[in-house]
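**Student:** Below, each chain spelled out in residue letters.
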Amino acid sequence: QKEVEQNSGPLSVPEGAIASLNCTYSDRGSQSFFWYRQYSGKSPELIMFIYSNGDKEDGRFTAQLNKASQYVSLLIRDSQPSDSATYLCAVRSNYQLIWGAGTKLIIKP
Amino acid sequence: DGGITQSPKYLFRKEGQNVTLSCEQNLNHDAMYWYRQDPGQGLRLIYYSQIVNDFQKGDIAEGYSVSREKKESFPLTVTSAQKNPTAFYLCASTLRERGAVTDTQYFGPGTRLTVL
Numbered sequence: 001q002k003e004v005e006q007n008s009g010p011l012s013v014p015e016g017a018i019a020s021l022n023c024t025y026s027d028r029g030s031q032s033f034f035w036y037r038q039y040s041g042k043s044p045e046l047i048m049f050i051y052s053n054g055d056k057e058d059g060r061f062t063a064q065l066n067k068a069s070q071y072v073s074l075l076i077r078d079s080q081p082s083d084s085a086t087y088l089c090a091v092r093s094n095y096q097l098i099w100g101a102g103t104k105l106i107i108k109p
Numbered sequence: 110d111g112g113i114t115q116s117p118k119y120l121f122r123k124e125g126q127n128v129t130l131s132c133e134q135n136l137n138h139d140a141m142y143w144y145r146q147d148p149g150q151g152l153r154l155i156y157y158s159q160i161v162n163d164f165q166k167g168d169i170a171e172g173y174s175v176s177r178e179k180k181e182s183f184p185l186t187v188t189s190a191q192k193n194p195t196a197f198y199l200c201a202s203t204l205r206e207r208g209a210v211t212d213t214q215y216f217g218p219g220t221r222l223t224v225l
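As you go down the protein sequences, you meet chains A and B in turn.
For the first sequence, this note's numbering assigns the number 1 to the initial residue and increments by one for each residue that follows.
For the second sequence, this note's numbering assigns the number 110 to the initial residue and increments by one for each residue that follows.
Isolated chain A, as found in the complex (with noise of 0.2 Å):
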């Protein structure tokens, strides 16, 4: 079964710092890979997407993609309170999108 694994949290990191969520998944077929932000009782809204081995930057946002480790993260610099939110992470797996659970991020002013 294709899996998709990220620590819950919640990870708690000062306002300005740096903020890494690690995500990895099973399937060494997947095409491409998603991190969408939910802030608690809304729904999903996409963050930034990569396919390609390496570092995609968009603004504070930074993802990072290793397919032979089968690992994905997101590092978000100068954290602000905005930013607390539960980050889920999606994986492109033979058409289908596969789901974490996702990583509660609380940002401390």
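Just to be clear, a hint being listed does not mean it is correct.
[Said to hold, decoys possible] One side of the interface only, derived from the structure: several residues of chain A facing chain B at Cβ under 10 Å: (1) Gln-38; (2) Pro-44; (3) Phe-49; (4) Leu-88.
[What the hints assert, rightly or not] The calculated lysine-lysine pairs, modelled on DSS-like cross-linking and capped at a C-alpha distance of 25 Å, are: (5) Lys-118/B with Lys-42/A; (6) Lys-104/A with Lys-118/B; (7) Lys-2/A with Lys-166/B.
Just so you know, the hints here were simulated from the structure itself, not pulled from any lab data.
As the structure is a computational prediction, the values presented were derived from the model and not from experiment.
All C-beta atoms in this analysis are idealised placements derived from N, C-alpha and C, irrespective of residue type, glycine included.
Starting from the structure of chain A, add chain B where the hints point.
**Tutor:** Here is chain B on its own, set in the frame of chain A:
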């Protein structure tokens, strides 16, 4: 404004009742999805549809039914056969179900269903 709408935002169901959740999109997306989210868990796929008049079961389809009579609409019925329906229900769409690897799923605001 393009987007996905879901209604109602909150829904209360008595035991033994069927209820229907609405999902409409004006993004001209071919594919639509229904997910269920329980506290502390990831999204679980209920049903999905790639084109009009066609849909497939996801991982947890038992107790649910859908229809896709129009491209824009993908309603979900929670039947009395679903024994534990209290959850947050999310509708999503994407341009093509078997499109580019970067095709993204976009979500509606969700419907929170509670069984009384």
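**Student:** All hints are to be evaluated individually against the structure, with a verdict given for each.
**Tutor:** Do the hints match the structure? See the list:
no.	hint	in the structure
1	Gln-38	holds, 9 Å
2	Pro-44	holds, 5 Å
3	Phe-49	holds, 6 Å
4	Leu-88	holds, 7 Å
5	Lys-118/B with Lys-42/A	holds, 11 Å
6	Lys-104/A with Lys-118/B	holds, 24 Å
7	Lys-2/A with Lys-166/B	holds, 17 Å
Hint violations for this structure: none, all hints satisfied.
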